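Engineer: Sequence:
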Amino acid sequence: MRLRVLIVEDEEALIEPLKYNFTKEGYIVDTALDGEIALDKIFNKPPELILLDWMLPKISGIDLCKRIRNNKETKNIPIIMLTARGEENDRIQGLEMGADDYVTKPFSINELLARAKAVIKRARPIFAEEKITFCDISLNIATHKVFRGDKEIKLGPTEFNLLRFFLENIERVFSREQLLNHVWKNDALVEPRTVDVHVRRLRKVLNTNNKKDYIRTVRSAGYSFGHN
Numbered sequence: 000m001r002l003r004v005l006i007v008e009d010e011e012a013l014i015e016p017l018k019y020n021f022t023k024e025g026y027i028v029d030t031a032l033d034g035e036i037a038l039d040k041i042f043n044k045p046p047e048l049i050l051l052d053w054m055l056p057k058i059s060g061i062d063l064c065k066r067i068r069n070n071k072e073t074k075n076i077p078i079i080m081l082t083a084r085g086e087e088n089d090r091i092q093g094l095e096m097g098a099d100d101y102v103t104k105p106f107s108i109n110e111l112l113a114r115a116k117a118v119i120k121r122a123r124p125i126f127a128e129e130k131i132t133f134c135d136i137s138l139n140i141a142t143h144k145v146f147r148g149d150k151e152i153k154l155g156p157t158e159f160n161l162l163r164f165f166l167e168n169i170e171r172v173f174s175r176e177q178l179l180n181h182v183w184k185n186d187a188l189v190e191p192r193t194v195d196v197h198v199r200r201l202r203k204v205l206n207t208n209n210k211k212d213y214i215r216t217v218r219s220a221g222y223s224f225g226h227n
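If you count by numbering that gives the first Met the number 0, then the sequence shown holds residues 0 to 227, one letter each, in order.
Read the hints as simulated data drawn from the structure, not as lab findings.
Wrong hints could be hidden among the right ones.
Computed list of lysine to aspartate or glutamate pairs in EDC-like fashion (alpha-carbon distance at most 20 Å, straight line) [what the hints assert, rightly or not]:
hint: 1; residue 1: 23; residue 2: 135
hint: 2; residue 1: 57; residue 2: 24
hint: 3; residue 1: 57; residue 2: 39
hint: 4; residue 1: 150; residue 2: 135
hint: 5; residue 1: 116; residue 2: 149
Simulated restraints, written as ranges between beta carbons of each label pair [stated by the list, open to error]:
hint: 6; residue 1: 176; residue 2: 75; range: 13 to 21 Å
hint: 7; residue 1: 211; residue 2: 10; range: 39 to 47 Å
hint: 8; residue 1: 208; residue 2: 35; range: 53 to 61 Å
hint: 9; residue 1: 3; residue 2: 106; range: 20 to 28 Å
hint: 10; residue 1: 68; residue 2: 191; range: 16 to 24 Å
hint: 11; residue 1: 141; residue 2: 216; range: 45 to 53 Å
Keep in mind that this is a model prediction, so the values were computed, not measured.
By construction, the Cβ of each residue, glycine as well, lies at the ideal position given by its N, Cα and C atoms.
The task is simple: from the sequences and hints, build the whole structure.
Structural biologist: The following block contains the structure:
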């Protein structure tokens with residue numbers, strides 16, 4: 000099944016390379032030059048992914064993101080915000096309005112393609128790879144089995160989902176709140192410090208017999224997974 004991506008961007012010089020590269024990757028690509036056109040296309044035929052510029056004519060990217068999230072027919076569409084606004088407060092605002100990811104211009108097209116694949120996997124598990132590997136760690140989504148080398152590792156459901164999320168987002172730093180949103184989703188009873196408990200459990204099981212620790216604690220920021 001070919002997935003549809005809607006590029007909402009008013010810089011025509013940026014639209015063409017985006018359209019070319021996403022089409023090359025097998026996506027069906029549609030475009031919109033302003034927020035009103037985008038809104039009409041999204042509500043008439045919801046895409047599987049939206050690349051959304053922050054600064055748009057008629058309806059801003061932030062307002063458009065909010066409207067998408069407030070509509071029951073479109074609220075689960077993955078959104079990646081594209082913007083030249085790189086300040087931390089801007090990133091936080093974009094994520095709080097419902098964006099799944101945030102890419103600052105100028106950006107690497109390969110990184111954007113990788114992030115697009117990751118947010119689609121999280122939103123639509125049917126499109127996820129059955130097996131994810133990183134170095135000597137292997138996670139099978141279908142069987143819920145995890146191996147480190149040739150030894151199977153027993154994980155609880157939360158640790159399994161946490162490891163899967165880390166493996167789908169290698170080297171990226173996530174705050175406790177972001178991990179709660181992506182791994183625990185809508186469980187309002189879970190507090191941010193609960194993340195620390197499950198990270199410790201995951202770390203302990205993964206690193207049995209003095210195996211290399213791929214989980215990195217980033218002071219005042221959160222956690223990442225990758226080559227430390």
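Engineer: Evaluate each hint against the coordinates.
Structural biologist: Hints versus structure:
1. 23 - 135: Roughly 31 Å between the alpha carbons, so the hint for residue 23 and residue 135 is violated.
2. 57 - 24: Roughly 31 Å between the alpha carbons, so the hint for residue 57 and residue 24 is violated.
3. 57 - 39: 13 Å, holds
4. 150 - 135: Satisfied, since the Cα-Cα distance of roughly 10 Å is no more than 20 Å.
5. 116 - 149: Roughly 28 Å between the alpha carbons, so the hint for residue 116 and residue 149 is violated.
6. 176 - 75: 13 to 21 Å: 20 Å, holds
7. 211 - 10: 39 to 47 Å: 43 Å, holds
8. 208 - 35: 53 to 61 Å: 59 Å, holds
9. 3 - 106: 20 to 28 Å: For residue 106 against residue 3, whose Cβ atoms are near 21 Å apart, the range 20 to 28 Å holds.
10. 68 - 191: 16 to 24 Å: 22 Å, holds
11. 141 - 216: 45 to 53 Å: 31 Å, violated
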